[in-house]
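J.: Single-letter residue listing:
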Amino acid sequence: MKNETRPEHFDPPSVIGTILRRLHIDIPLFIGLLLTSMLSFLILYSAGSQDVDILLRQAARVGLAFFLMTLLAHVNPYQFKRYSALLFGLGIFLLCAVLIMGQIGKGAQRWLELGLFRFQPSEMIKLTTPMMVAWFLAEHSMPPKFKQLAIATVLILIPTLLIAVQPDLGTALLVASSGAGVLFFAGLSWRFMFAIVATLLSLTPILWHFMRGYQRDRVLTFLNPEADPLGRGYHIIQSKIAIGSGGIYGKGWLGSTQSELDFLPESSTDFIFAVFAEEFGLFGCLSLLSLYLLIIARCLFIASQAQDTYCRLLASSLAFTFFVYVFVNIGMVIGVLPVVGVPLPLISYGGTSIVTLLAGFGILMSIHTHKKRLSHL
Amino acid sequence: MSPIYSVKDNTVENRLFINRIIAAFIVIMLLTVGLVVRLVYLQIVGHEHYASLAKSNSVKIVPLVPTRGIIYDRQGRILAENTPSYSLELVPEQISDMDDTLAKLQQLLSIPDEKIEQYQKQRKRQKRFASTPLLLNMNDEELAKFAVVRPYFPGVDIHTQLVRHYPYGDLSSHVVGYVGRINEAELKELPVSEYRGSTHIGKLGIESSYEIPLHGKTGYAEIETNVQARSLNTLNESDPEPGANLYLTLDIELQRTAYDALEKYNGAVVAIEVKTGGILTFASRPGFDPNPFVVGISNDAYQLLQDSENQPLYNRALRGLYPPGSTIKPFIALAGLEYDAISAPQKLFCPGYYQLPGVSHKYRDWRKGGHGSVNLNEAITQSCDVYFYRLAGTLGIDHIHDFLQKFGFGEKTGVDLVGEKPGLLPSRDWKQEQKNRAWYPGETLITGIGQGYHQVTPLQLARATATLANKGNIVTPYLVEKLVGAHETRPGPEVHKGVIPLKQDHVTDVINAMVNVVHSERGTAKGVGRTVNFHIAGKTGTAQVFNIKQNAKYNENDIDFKLRDHALFIAFAPAEDPEIAVAVIAENGGHGGSIAAPIAAKVIKQFLKDRQKTQP
Chain A
3 MKNETRPEHF DPPSVIGTIL RRLHIDIPLF IGLLLTSMLS FLILYSAGSQ
53 DVDILLRQAA RVGLAFFLMT LLAHVNPYQF KRYSALLFGL GIFLLCAVLI
103 MGQIGKGAQR WLELGLFRFQ PSEMIKLTTP MMVAWFLAEH SMPPKFKQLA
153 IATVLILIPT LLIAVQPDLG TALLVASSGA GVLFFAGLSW RFMFAIVATL
203 LSLTPILWHF MRGYQRDRVL TFLNPEADPL GRGYHIIQSK IAIGSGGIYG
253 KGWLGSTQSE LDFLPESSTD FIFAVFAEEF GLFGCLSLLS LYLLIIARCL
303 FIASQAQDTY CRLLASSLAF TFFVYVFVNI GMVIGVLPVV GVPLPLISYG
353 GTSIVTLLAG FGILMSIHTH KKRLSHL
Chain B
3 MSPIYSVKDN TVENRLFINR IIAAFIVIML LTVGLVVRLV YLQIVGHEHY
53 ASLAKSNSVK IVPLVPTRGI IYDRQGRILA ENTPSYSLEL VPEQISDMDD
103 TLAKLQQLLS IPDEKIEQYQ KQRKRQKRFA STPLLLNMND EELAKFAVVR
153 PYFPGVDIHT QLVRHYPYGD LSSHVVGYVG RINEAELKEL PVSEYRGSTH
203 IGKLGIESSY EIPLHGKTGY AEIETNVQAR SLNTLNESDP EPGANLYLTL
253 DIELQRTAYD ALEKYNGAVV AIEVKTGGIL TFASRPGFDP NPFVVGISND
303 AYQLLQDSEN QPLYNRALRG LYPPGSTIKP FIALAGLEYD AISAPQKLFC
353 PGYYQLPGVS HKYRDWRKGG HGSVNLNEAI TQSCDVYFYR LAGTLGIDHI
403 HDFLQKFGFG EKTGVDLVGE KPGLLPSRDW KQEQKNRAWY PGETLITGIG
453 QGYHQVTPLQ LARATATLAN KGNIVTPYLV EKLVGAHETR PGPEVHKGVI
503 PLKQDHVTDV INAMVNVVHS ERGTAKGVGR TVNFHIAGKT GTAQVFNIKQ
553 NAKYNENDID FKLRDHALFI AFAPAEDPEI AVAVIAENGG HGGSIAAPIA
603 AKVIKQFLKD RQKTQP
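In order, the protein sequences belong to chains A and B. At position 27 of the first sequence (counting the first as 1) the number is 29 in my numbering, and the numbers step up by one without a gap. At position 118 of the second sequence (counting the first as 1) the number is 120 in my numbering, and the numbers step up by one without a gap.
Just so you know, the hints here were simulated from the structure itself, not pulled from any lab data. Do not rely on the hints blindly, as some may be mistaken.
If you only want the chain A side, here are some residues facing chain B, beta carbon under 8 Å, derived [stated by the list, open to error]: (1) Gly-91; (2) Phe-95; (3) Phe-187; (4) Gly-189; (5) Lys-242; (6) Ile-243; (7) Ile-250; (8) Ile-298; (9) Leu-302; (10) Ala-305; (11) Ser-318; (12) Ile-336.
Some chain A residues well away from chain B (every beta-carbon gap over 10 Å; in silico) [said to hold, decoys possible]: (13) Ile-245; (14) Thr-311; (15) Arg-314; (16) Ile-332; (17) Gly-343.
The C-beta atom is built at its ideal place from N, Cα and C for all residues, glycine as well.
Model the full assembly from the supplied sequences, consistent with the hints where possible.
T.: Structural data, given as structure tokens:
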């Protein structure tokens, strides 16, 4: 029995390796995440005007996030599957609670005040939505039938819309793509996907009608940033200057003039990639993108090795969502996508996103390290 | 083995999934290549262009904040202005020994230790060449002291900035309002580019309702800076457009007369120019000094204002809700004539109380023995309650509601101030909806003498009075006469005009009775009638603060000051060709005739005297 529950990959090379395996840690993934986090401190120090306080606060969050990841890696994936629906329901309930409280308190509210810390239900939903959809689809054989697709779509739309009205377009986008990821990996037919894309495009005018004033501004500014150089276009213009002036080799660490001289707003949160690109140049950008791609590749590998449908769908969707994070943020900073509030994963300053991200990686590690030795696959 | 790992050994499913993983990886690679292409475009192709923008000489766009418009009263007296405020600022890179300099300055100007600490903290966050303030809001003595020794302090200088100032303080606070620092919630609502660089925004009163024209248009300058962000020269400039100056219809000296006349009483005086609707006085006592709010009022000082028993932050003229009391009687009388419920000469007998058929409750008159037989003129002159109980009973609540609504009771007047209260005009439907109860006949009777559910704001009461004085031509009050901008002068708000169809004989009957209130021997405000050489038409009112039990006697001296009746008075003058209409409410004043009427008379007298001077 004991032999069988032990992970099958990697022969124990050292004492540390044994400990990590006991902890159910996936070493390549762990190293990738650790490297990215270290890089994050380096950039934050520069982007945050060399303020050590900011680093310490971020270190506390990263520590907490790694702890949570290890904790989740320890949980048997069967437990995730078992509680998927319950957690999803709880998340929806909390989202509604936040929305109603926001209505009473007037204005946008995204978190619940829990005495010591603030809790954002929309962060929890980022994980529970793919869990729920994966759980639902795993009950049936793949690829899903039309009826299951319809139900799954509703399951995705409910949390997406609840977050979109908060209004938090960035998070809504991530939740929607995490659910859509599950559908894609479940084998949604290509024809169907094209049909959906076509429908969405035709719905654009209607969506435009329902957008808030500032959301419209963002889209308009994206299309023509020079029109409003003091206002909305300021971000994009300044971030392009920062990135472009970095050149091939960059200006070197702490050499960013754009963020240093307060040209670049939000330089340590959503726009941190611009600081990175200015200081480390094209080479730095390619290295960071490679690091991200290695993490994603490892996650997809884990998904391909997973042993049941639920684990496969969940693991692959988490990997996919991580990429969406990277793509939307960098795309926005380099001016190919509209400005939506999505941080650069593992790098941007801020607590909530890194905790959720590493929790997701915890689930991936759990899936990979709780496999059974099967006689034939 | 536990059954939980039951894997569906389905090769089709496996192949499908692996295919999807490969497809996903290809898509991810393609999108990443897209990002890389864009990065190459920015960092290699566009590098020189962007580097020249960012590198040695960079262009910084700096907002140029417009000067806020000035607010004047109708005589051109300044109600809100921008005055220079002086601050002592230090440039660290020009100071060789910072600690020594700070110590000397501290001794010279006796600066408290906290300010030095605060400065030290702020300095660390700034560039070495940036000017950082040590002392804000310097007074004349500090300025003089420093001026003498200035040559010995290189790198230390006095800087000037404009700060909003309200010379009339508490007198104008409830009309003009004030500006304060922009808070986070406001920042989200504001147009970003217009307010980049602005620190203050109108929070209350005219400052708030005319925020956009007062603020003006922000300009910007493109400034060339070097690597350290030191400004080198200005490349391009788009001048800011200063905010429009506002001219109000308000007469601040008339306002002062009204405010002072209220003396010890809390309350409100609203005076309206009958022909135009322009508000002449809008006094709410007590007011508060708005100037501390501009620089940021301390928590303690704010708490003190909030907790004060007299509620100085409460705009009584705009938001105070009071029962109209007997001031409603001229309107009820007019309703009686218009609906043909009564004729002017018809006499009703007043024994001192009134009873509904089959009900034991006695609706009392304020005069114990009653007024005897009175016609409409006498009923208004002496403020006979029984006459109006009976008239209200005949009219019924539906007619009363519909008629009073035409005079603007129960709805906002639409004045150009934010936060106005609509008051409450009761009706059958309202009671059913709000209280889920049927309307009782007894409630109609007390509505007839302005008690019960009916609640008015002083502004509403003044407006209704002005409309009556204007013979049914609806008067809509407003405060801003004109906006004088850099390029154009615009008139104030467009006011609603309308006519209540009234028989002019009926209006004359009611106005004659109101003249008798002030000028006849039996009038309830005869005291003021003797002091003027023209005719005032008025009506006194007394609003109960608490209910006296059946048979109990109301004795003013026995009860707590705060529970005494409110004194009300409405008036317009000259009665023959009205120019000004006034509504006065003196909280806990007791009697309308003796307390509120003289206040109104003072305002009217001064207004007509000033008018004679300007129009000989």
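J.: All hints, please: hold or fail.
T.: Do the hints match the structure? See the list:
1. Gly-91: With Cβ-Cβ at 22 Å, over 8 Å, it is violated.
2. Phe-95: violated (27 Å)
3. Phe-187: OK, holds: Phe-187 (chain A) within 8 Å of chain B, min 5 Å.
4. Gly-189: holds (5 Å)
5. Lys-242: holds (6 Å)
6. Ile-243: Since the shortest Cβ distance to chain B is 5 Å, the answer is holds.
7. Ile-250: holds (6 Å)
8. Ile-298: holds (6 Å)
9. Leu-302: Holds. Min distance 5 Å.
10. Ala-305: holds (6 Å)
11. Ser-318: holds (6 Å)
12. Ile-336: holds (5 Å)
13. Ile-245: violated (5 Å)
14. Thr-311: Check fails; 7 Å does not lie beyond 10 Å.
15. Arg-314: violated (6 Å)
16. Ile-332: Non-interface label fails for Ile-332 (chain A): nearest chain B Cβ at 6 Å, not farther than 10 Å.
17. Gly-343: Non-interface label stands for Gly-343 (chain A): nearest chain B Cβ at 13 Å, farther than 10 Å.
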